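Enquirer: Protein chains in written order, with the working numbering: chain A, 1 to 233; chain B, 1 to 233; chain C, 1 to 217; chain D, 1 to 217.
I should point out that these hints are in silico values taken from the structure, not numbers from a laboratory.
Heads up, some of the hints might be wrong.
To be verified - Pairs of lysine to aspartate or glutamate residues, derived as EDC-like cross-links and limited to a Cα-Cα distance of at most 16 angstroms, are as follows: (1) K168(B) <-> E83(A); (2) K168(B) <-> E61(C); (3) K123(D) <-> D57(A); (4) K165(C) <-> E140(B); (5) K221(A) <-> D17(D); (6) K123(C) <-> E140(B); (7) K158(B) <-> E94(A); (8) K221(B) <-> E60(C); (9) K120(D) <-> E83(A); (10) K95(D) <-> D148(B); (11) K116(D) <-> E85(A); (12) K123(C) <-> E96(B); (13) K4(D) <-> D57(A); (14) K221(B) <-> D62(C); (15) K168(A) <-> D62(D); (16) K158(A) <-> E202(B); (17) K123(C) <-> E85(B); (18) K123(D) <-> E202(A); (19) K136(C) <-> E140(B); (20) K3(B) <-> D17(D); (21) K116(D) <-> E126(A); (22) K116(C) <-> E96(B); (23) K13(D) <-> E191(A); (24) K183(B) <-> D97(D); (25) K123(D) <-> E140(A); (26) K158(A) <-> D64(D); (27) K120(C) <-> E85(B); (28) K165(D) <-> E140(A); (29) K183(A) <-> D97(C); (30) K116(C) <-> D148(B).
These figures come from a predicted structure and were not determined experimentally.
Below, each chain spelled out in residue letters.
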Amino acid sequence: MNKVFKDAGEALHDISDGKIIMLGGFGLCGIPENCIAALVKKEVKELTCISNNAGVDDFGIGLLLKKKQLKKMIASYVGENAEFERQLLTGELEVELIPQGTLATRCMASGYGMPAIFTPAGVGTEVAEGKESRVFNGKEYLMEYAFDADFALVKAWKGDTAGNLIYKETARNFNPLMAMAGKITIAEVEELVEAGQLNPNEIHTPGIYVHRIFKGSVYEKRIEQRTIRQSAH
Amino acid sequence: MNKVFKDAGEALHDISDGKIIMLGGFGLCGIPENCIAALVKKEVKELTCISNNAGVDDFGIGLLLKKKQLKKMIASYVGENAEFERQLLTGELEVELIPQGTLATRCMASGYGMPAIFTPAGVGTEVAEGKESRVFNGKEYLMEYAFDADFALVKAWKGDTAGNLIYKETARNFNPLMAMAGKITIAEVEELVEAGQLNPNEIHTPGIYVHRIFKGSVYEKRIEQRTIRQSAH
Amino acid sequence: MLDKNQIAQRIAKELKDGYYVNLGIGIPTLVANFIPEGITVTLQSENGLLGMGPFPLAGEEDPDLINAGKQTITTLPGSAFFDSAMSFGMIRAGKVDLTVLGAMEVSENGDIASWKIPGKMVKGMGGAMDLVASAKNIIVAMMHTNPKGESKLLKKCNLPLTGIKCVKKIVSNLAVIEVTDNGFRLLERAPGVTVEEIQNKTEGKLIVEGDIPEMIF
Amino acid sequence: MLDKNQIAQRIAKELKDGYYVNLGIGIPTLVANFIPEGITVTLQSENGLLGMGPFPLAGEEDPDLINAGKQTITTLPGSAFFDSAMSFGMIRAGKVDLTVLGAMEVSENGDIASWKIPGKMVKGMGGAMDLVASAKNIIVAMMHTNPKGESKLLKKCNLPLTGIKCVKKIVSNLAVIEVTDNGFRLLERAPGVTVEEIQNKTEGKLIVEGDIPEMIF
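Extracted from the complex, chain A is given alone in its bound form (with noise of 0.2 angstroms):
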């Protein structure tokens, strides 16, 4: 059962229109650089795009949403990205926003098996309207359903042919959620190794949870906020 493929054009061949995708990734870091790049390249259209956020104008989910890629956008903070906020103005583009925690844990709810969770989120607001809402211990609760996507695609720092996977530092962040959650997971990593490499005791995603793995061509990494202070502080 081989899982490795050469690269995100090979293993993202049945990404048609129309498709739910979840895509890893917080502001840019972490995010799946060369399976967005082939999403570009496949010019498929009509997508669903579950993700904390929407890249920037031109880099990260952002280049979907220049060449239009987009039907709906599902995220719980898109402050960085012009042509979102004029798609949305315009009506072009379809956007639910939801709180952040309750982004992480539909996902994790999908991986975990789970229809539904409750959370206090949004109780009280915008975000509440519609939802059934339940009081345990006097506190009111939301309840929200698992996602339900069709491809998880993911960003590791390491992974092996298993499918087992590492993720680096703040990396980390919604990865290990969508790849859990994907009926297909696609994950890109910046080293891959054989089956063994890796210490079972440090697998952030067990293998189980990932179909299909290559090890991504190229990182840029954009820093969004690059801040610094002086060596004097």
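Since the structure of chain A is already known, use the hints to place chains B, C and D on it.
Expert: Using the frame of chain A, we list chains B, C and D on its own:
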């Protein structure tokens, strides 16, 4: 803010009669041996124990059973303990048997601030009696509540002074879940190092969940079923 | 009539390349010894391991490395450890392709009883209720009758249930049987066992259509 | 009247030894610069980090290491990385002792609006709704009035809410105010600011009892 305690006796100084206590481990693998020894020594009584298993007659939670320190046991499998079966059949001990995945997820729910979760485990069985059930996508699930434990006693391989924990192999099991679930979580570790000595990318339980930590004085690590193969195999 | 190893051997024929499999305690554990050549099967142990290997050599036992039956084991290349919540998470999410477990009773609608004999035995359900409620494909490995000779394939289970309408297939010492909407369907006979004998030892409705072949190993 | 740094400095006085703290974007981020000597405070960044350190030195920026504001940062000894579900898990479970965040409006019952201006601004709520719904102790850092001079401490919020009945304290450029069951309660005045001025710039009910001391830094 010092989290480091000298030994089990000091770390468990305020556990008194009648408390609800979670104990990590699966069988005898990864159990908090030093904490259990301290509970025996303290002779606290009327404890409610939440643990996947009940140890064996002369080790693990079996030691607490022998001294009749338990009022109630919540577990998934108790087949290795004759004293347990005796106390159960005579009614000395109250027992709640719940599915293993339900046990694990109810711990996680507590650590993740989720008041209840849905699982299909036990639907149509006596486990479902008196419980609310609900159908999602044509499948029936039981609603199960997060645990509410006074103390969680867990065992890790390595820990640091900030309370971060790393478990070894299958000794991980319920430990990270219970570590998240205690109002007060006490971790015993084989190796205790200064903050900064563990790789932050490899932490299984972040220190925010751990209130007290100490280095266990001795580990027997008894093997329950020693099974070997012949070298010819 | 099959012995325990032969039951395991027959079940192993159901394995496919790339399968993730959870093997219960007892006969199911033996299935690992008969994985067909040329395919990759990854064993999941619900106490937190993917990629379970054989028992260790003498002197190489590691108390921190056990399977769900509390036996000392080893890992294979590509293995991963995780906590019990993730373990049952992947089980509930249907990521495990096949679950093989034992049973005391199975009913013709696929109910299974395996964890309790009221007033006699209280060991607990362990992970069995989670497994049977979640697995996509469940094969039960068991003797066709109990020590008293009574059928364990029933119209309705007498013992407390582990799960309902979940068993897909049974491999017993006498037969391979599929659980269908209309009852047990006989697929194969053990070598030397007649359809009549299987019929006699099956209390639940047994569907016999056409010639029933003998198992091939 | 306080500047942004002074607001942060005053909030830092609320920190206690051993606290785990989540600091929002803007003024709250500055609080990290004023942590009192002799106490240990651990900063949580909801994108998956405990133990956030200062910004890196030039040339030491790591694109895989950012905070929730997408800024390059560093870690301190004892830090830990985790995924977003665990991050919000620990927030929901009340493990974070103090949350400091900005706001566009706060109402006298503790409602907060901070994420949306209908028809004008749609950036999303990010983690703010999770934080305000879960945190045990929330301090809002903000200007007392908007650029037009209108009060941001209202009877009722006009903008879409981020959360309800959750703000415990407000530190503005003019005052320290506690949110009580009966409305805003004035605790401290900024140096040189009169009770009258604070009263005039507070639309919601302001409770003034006894002498209101000036803030001490």
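Enquirer: Are any of the numbered hints broken by this structure? If so, which, sorted upward?
Expert: 1, 5, 6, 7, 13, 18, 23, 25, 30
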